Each structure stands twice: as structure tokens, then as C-alpha cells.
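J.: Residue numbers (my numbering), protein chains in the order written: chain A, 1 to 268; chain B, 1 to 296.
Not one of these hints is a red herring.
To give an idea of the chain B side of the interface with chain A (calculated C-beta under 10 Å), a few residues:
| no. | residue |
| --- | --- |
| 1 | M159 |
| 2 | G236 |
| 3 | A257 |
| 4 | T270 |
Short derived list, chain A residues pointing at chain B, Cβ under 7 Å:
| no. | residue |
| --- | --- |
| 5 | L107 |
| 6 | A110 |
| 7 | L111 |
| 8 | P112 |
| 9 | F115 |
| 10 | L118 |
| 11 | T119 |
| 12 | R121 |
| 13 | A122 |
| 14 | E232 |
| 15 | V251 |
| 16 | Q258 |
In short, the hints are calculated from the structure, not lab data.
Note that the structure is a prediction, hence the values are computed from the model and not measured.
Cβ atoms here follow ideal geometry from the backbone N, Cα and C, with glycine treated the same way.
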Amino acid sequence: MSPLQKMAAIILCVTFVLMVLATILVPAPYDRQFRDVPNAGPSTAHPLGTDGLGRDSLSRLLYGTRVSLLLAPAAALLSTLVAALLGSAAGFLGGWFERVVLAVTDLSLALPWLFLLLTVRAMLPLDVPPMVSVIIAFLMMGLLGWQASVRVICAAARGVKDSDFLLLARSSGCKPARLLLRHVVPNLRPLFYAQFWISIPLFILTEANLSILGLGVMEPMPSWGNLLRGFEDFPAVAANPLRLVPLILLVIVVMCFQLVLPSQEVTQ
Amino acid sequence: MIKDEKAAKLLQNALRRLLSLLCLGIGGALLSATLVRFAPGYGVQERELDPRWSAQSVEALRQKQMLQEGLGSYYFHYLSALAHGDFGESDSLKRPVRELLRQRLPVTGNSVVRGLGVAWLVAALVASAGLASRGWLYEASNTAFSSLLLSLPSAVVAMLAVHLRIPVFCAISVVVFPRLHRYIRSLLVRSYDQPHVLAARARGLGSGAILRRHVLPVAAPPLLALVGVSFAIAFGAAIPIEALCDSPGLGQLAWQAALSRDLPLIVNVTFVVCLVMLAANSLADLAGRAFTGSTQ
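So here's chain A without its partners, still in its complex pose (with noise of 0.2 Å):
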């Protein structure tokens, strides 16, 4: 690991501290509204300042940050699961089940994965409670990411088939199940552990944009993405600029999850 990386893998680890600790460092729960201050600067009552309905910007941060560092993991995780799955059978199996599954990957890969997560999120209910909306965000990543992983696993898989340690585990009469969980998938574990790492930046900035847009994490609970509509009010930003904070942070983490993700060799 470069010092860069030992920096990177630091930085995110105060992150996720921050956030686990969220509850007690807040100064008031992020859905307060201080009425009486709205869009204030920082003070010693809230240091990072209230937006514009009098709510404790840091304390939101805080939450937000929460918020989108468990949704993106947690999508990825549930992605990276779904290629394993498609893409070591497809790779171990071949022949039709192979071709289908390749062709549903290309047929979506083919699609802008913005185009396909509005018309998903078209087909649900917009107005739904602020805990559900997180739920359908999560299903959306998880269940609509797992493409691009789908065809690297695959490949890798055809070539874990042609060895020779399966040649031998098959010819001493190991059935095809047995062959595929404990001799494909523990080949391929390094490639899920990448795909995994690759995952969650992509699902931090997918997040955002689909918060922006009103169509991701419903106010009032924040995430990132949501903190990042209030960048709209461009006047309020230049008049406090520690408004720029979650920018800054959602900044910082994506280019910490890029320096800290395993090399090429291991991702291609």
C-alpha cells in the first residue's frame, strides 16, 4: 500500500467513525427546525450554520453521512452478490444460459444507467415515507448495478472452467454444484472483492444525482445528495460558505474510495 493509499484508507476511516458516532456529536436531531434562525452562519450553537428552514446543518451532515455511506456499501454489496451469482454460472455453465445472460447484460449496458434507474423509479410510488424511499433506493442500485460486474465474473469464470485442478475435481466425479461453490467461486473471490470496492463510488455519486433530481433519499432525512440541492441557492452558498462542506466531504470520499480501490490487474 502507498502512502497515498495509507492517507486515503485513514481519511475513510475517520468517515465512518464520524458516522457511527453521529448520535452523539450532533448538537440537535437533523430534522429540528431552529425558527428562529434560518439560513444563519456558523455559531457556537451550530457550527456549520442552519439551512433556509432553520435546521442544524451539521447535525444533517452528519446524518447524511450516514445515510449514504450505509446505502452505497450496502447496494454494492447486494450488486456484487447478484453478478457472482449470474456471472459465475453463466461463465461456468456456458452454452444457452451463458448467451441469455449476456445478452440481458448487453441489452442494459447499452442503456444509460440513468435512463434505466428513472424508469424503475417511475414505476414506484413517489410519495412514499422518508425510510422507504432509502429502502428503494437501496433495491434500485443493488438490483439494476450488477451488470458491468456480470461481464468481467464471466470471463474470469470460463477461465477458472478450463483449468486443470476443475479438470481433475470433475474427473475424480464432483458434481456440478459442489464444483461451482467450492472450487469457481473461492477463484473469484479477489474479482468480488474488487467489484465490491469498484461499486460504491459509483452508488455515493448515483445517490446524489437521484437525490437532486427529487427522485432518490426523501426529505426531511439527509443524505448527501439531498444536502447537495441546497448548493441550488447559489446567494446563500457565497454568503456562508461552509455550505459547501457536504460537496467537499462527498468529494473527499469518492477520491478516497478511487486511491484505496486494488489494482487493475486484479479489477480487469
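Assemble chain B onto chain A, guided by the hints.
T.: Frame of chain A, contents of chain B only:
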């Protein structure tokens, strides 16, 4: 003779591609039809909410519609209408989807093509500029800048474009540039490190000639494939950028359709975008094959 054989194989490849495109298109159309047909609220008419209609009349209306819309006949009508370019009517805008697409597609197409042009030009120039002398400072500043742009959500780029009064195509190029730059740079570096390039350098060939004669021919096929992929990135970026910059294109239309849960509109817009992407990818792939002379 060999040339003719290669041309025939290329044509065969193109036809196979076209057939697969057609199959994927029909599959996409059937999927779109299914999404519209089984979406919640399908077939519910405003007349049913009119209090002047009695319960029996509303029930009769529903029965009549169910008779007209059996599953088989629904798919048949949908596909035959689609073959005639009829995409149905938007629920929220009460206008034919075809008319909306005709108005919006050129706006997005224009922004995407111009944005891609700028992004490709800048990415290619920046990536090839420091190829010969790969200094530490150049590498670090390059990586830091493209990582910073990669870490910005497209919607934030759109907001900045609104504040700075930057045209939509420039915002699209800002989103596409870092992805292109990273890939082009890694491709060029890999090609530049090949032994034949080292031999050419040892014989004193200039940087421009090396790039033109030895690096680009090796990197061209994957670069051509990247053209297709970059279209998908640009169309994806068009949604938040057009929505927030108030540009009347397909991205804004898709966003409005999602917000008003207008299934016939969003599904058909997505279907058309999918066809455009498939065509762009196939063309890029064929161009790559034609370039290398490979027919596999």
C-alpha cells in the same frame, strides 16, 4: 482475392450485427410493452373518476377495455403501432410520444455530439501531450485533476453550469472528459511502452511520427469502441444537466416523466435511447473491426 474475402467477411459480420440489433430491439420493445402493460394504474381512465358516471357505467367501461386489451392483442397492437412509428400518448403531457421525441431528440443529440466532440478533443490532447516525457508532476497533477472531476456528481456540474452560465454541451463535456482521459491515457501509455515503439525511439524518430505511425494504429480499435461507450456516458449525463439547466431535451423529458410517473413516456424514451446506444455501439465495433481488418 484476400481483400475480397475480407470484405465479404466484414459484410457478413455487419449483417450478423444488424440481425442481433433487430433481435435486441424487438426484445427491448416487448420489455417496454410489458412495463407499460403491468404498471400500476394501467388502463385507468379519467372518466372513471368523474362523479357523474354511475358505478355500473364505470364497470361497463372497464369490461369493454379489458375485452379490447387482451394480452396477446395488446402486444400485437403495441408492436404494429411501433413498426409504424407510433409510440402512444403521454399520460401527463397529453401529446403523442412521437411528437415529443421529434422535438426533444435533436436538442439532446446536438448537445451530446458537441459535448463529446469537445471532450474527445481535450482528452486526446491532454493524454498525448505528456506521453513522451512522463514526469512525476505532470502525472500527479493529471491524475488529481481527473479524479476530482470523476468525483463530482453530474448534477453538481449542472448546478455549476447554471451559476456560471455555461452551455449544456460544455457541462456534458466536463462530465465525459475525465472518463475518456483516464482510458485514452492508459491505452496510449500501454501502446507507447511496446518494444517496437522503443526501437523506433532508439532510431531517433520524432514524438509526432511515433504517435501517428506506431502508437495510434495499435490503440485505434479500443479507442473506436470507446466512442460507442462515450455516447452512453453523455446521454446519462444529459438527464441531470438538462433537468437542472432547463434545456428542453430528452433528459429533461425523462426526468419530468419520472416525476409525474408517466410510464408510456419514460419507457418509450428509454427504448429510443437504448436503440440509439445499440446502433452507436455496433457502428463503433464495426469501425474497429474494419480498421484492424479482423472479422472475428
